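Participant: Residue numbers (our numbering), protein chains in the order written: chain F, 1 to 133; chain Y, 1 to 121.
Since the hints were derived computationally from the structure, they do not count as laboratory data. Quantities reported herein were computed from a predicted structural model and do not represent experimental measurements. There could be a bad hint or two in this list.
Unchecked claim - Which residues of chain F face chain Y? A few of them, derived with a C-beta cut under 8 Å, are:
1) T4
2) F8
3) T13
4) G45
5) T85
6) L87
7) G90
8) L116
9) G117
10) F120
11) M123
12) Q124
13) H133
Using N, Cα and C, we set each Cβ at its ideal position, and we do this for glycine too.
Read off the chains here:
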Amino acid sequence: MQQTSTTFCILVTAAPTSQGALSALQFCQAAVVKNHTINRVFFYGDASLIASALQVIPQDELALATKWCEFAKQYNITLQTCVATSLRRGIVDNNEATRHALMSSNTLPEIEIAGLGQLFIAMQQADRFLQFH
Amino acid sequence: MSSKKNILFIQTQAPYGDQQAQEGLDMILGASAFYDDVAIIFVSDGIWQLCQSQAPNTKYRKELAKIYQSLEFYDIDKIYVDANSLTARDVKPEELLLTPKVIEQEKFNSLIEQYSQVLTL
Numbered sequence: 001m002q003q004t005s006t007t008f009c010i011l012v013t014a015a016p017t018s019q020g021a022l023s024a025l026q027f028c029q030a031a032v033v034k035n036h037t038i039n040r041v042f043f044y045g046d047a048s049l050i051a052s053a054l055q056v057i058p059q060d061e062l063a064l065a066t067k068w069c070e071f072a073k074q075y076n077i078t079l080q081t082c083v084a085t086s087l088r089r090g091i092v093d094n095n096e097a098t099r100h101a102l103m104s105s106n107t108l109p110e111i112e113i114a115g116l117g118q119l120f121i122a123m124q125q126a127d128r129f130l131q132f133h
Numbered sequence: 001m002s003s004k005k006n007i008l009f010i011q012t013q014a015p016y017g018d019q020q021a022q023e024g025l026d027m028i029l030g031a032s033a034f035y036d037d038v039a040i041i042f043v044s045d046g047i048w049q050l051c052q053s054q055a056p057n058t059k060y061r062k063e064l065a066k067i068y069q070s071l072e073f074y075d076i077d078k079i080y081v082d083a084n085s086l087t088a089r090d091v092k093p094e095e096l097l098l099t100p101k102v103i104e105q106e107k108f109n110s111l112i113e114q115y116s117q118v119l120t121l
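Please construct the entire structure, taking both the sequences and the accompanying hints into account.
Facilitator: See below:
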């Protein structure tokens, strides 16, 4: 029996410390194992905090951001965080640090800062859109 | 594909308790450039976002009501409000901005089914 492949666009609005953020990763991992495609994972609102490279997670706890980065590299998945909700929360890449004359940047290299338009385009190209809230 | 060009936003949060209502609204305005058909339903404490008598101290917070009143310029005119949420909070439809259409519980599901993509904030 031929298995059909679905293209998913994932929006995460759940803060990194919440179950929703973990469920999003688990869903994505399960989807790629079943040969589905994830055309985008977009972090919005409190979820944008996942992009900070300055998180220190105790060794006996799950480092969710590290897991996202490993997942993105392994399956070549695009991870993006909204520019507006990121900047509001002190999540800044090199470009934004230069533009706003900030003392440093702090984003994980695997998560890029992007505008909302990028999300809507990915949503319209996907077969299914899922939000983890 | 035109079938994907419609989106429903579910606004669930009170306007000034945190940033969620405002960030939801930012998303709605952004979506209007990409979708022909954008609808909003206000549910639970989200109905307070449409309260006519809101008067935040604008020194501290942006007044969401003002932004909502600009929705017509974005061609967003499908505005719904959940009937149960109004009753539970003793709010009458005529006390709300944008004259939303009141949706009974049993029609809620069929509204969601009309939209190919649904987003909650």
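Participant: Now, for every hint given, state plainly whether the structure supports it.
Facilitator: Tested hints:
Residue-level restraint check for F:T4 is violated (minimum Cβ-Cβ distance to chain Y is 17 Å; threshold 8 Å). Proximity of F:F8 to chain Y is violated relative to the hint, the smallest CB-CB distance being about 12 Å (cut-off 8 Å). At a threshold of 8 Å, the smallest CB-CB gap from F:T13 to chain Y is about 6 Å, leaving the interface hint in force. For F:G45, the interface hint holds, the least distance from its beta-carbon to any beta-carbon of chain Y being 5 Å, beneath 8 Å.
A cut of 8 Å between beta carbons decides the hint on F:T85: the least distance to chain Y is about 6 Å, and the hint holds. The interface hint given for F:L87 is broken, as the beta carbon of that residue sits about 12 Å from the closest beta carbon of chain Y, more than 8 Å. Annotation: F:G90 was flagged as interfacial toward chain Y, and the flag is violated, the nearest CB pair being 14 Å apart, outside 8 Å. Restraint check, F:L116 versus chain Y: the minimum CB separation of about 4 Å is within 8 Å; hint holds.
Taking 8 Å as the C-beta cut-off, the interface hint given for F:G117 holds, the closest approach to chain Y being about 7 Å. Among the interface hints, the one on F:F120 holds; its C-beta lies about 4 Å from the nearest C-beta in chain Y, closer than the 8 Å criterion. A least Cβ separation of about 6 Å between F:M123 and chain Y falls short of the 8 Å threshold, and the interface hint therefore holds. Hint on F:Q124 holds. Least Cβ distance to chain Y is approximately 5 Å, under the 8 Å limit.
With a least beta-carbon distance of about 6 Å to chain Y, the hint placing F:H133 at the interface is held under the 8 Å criterion.
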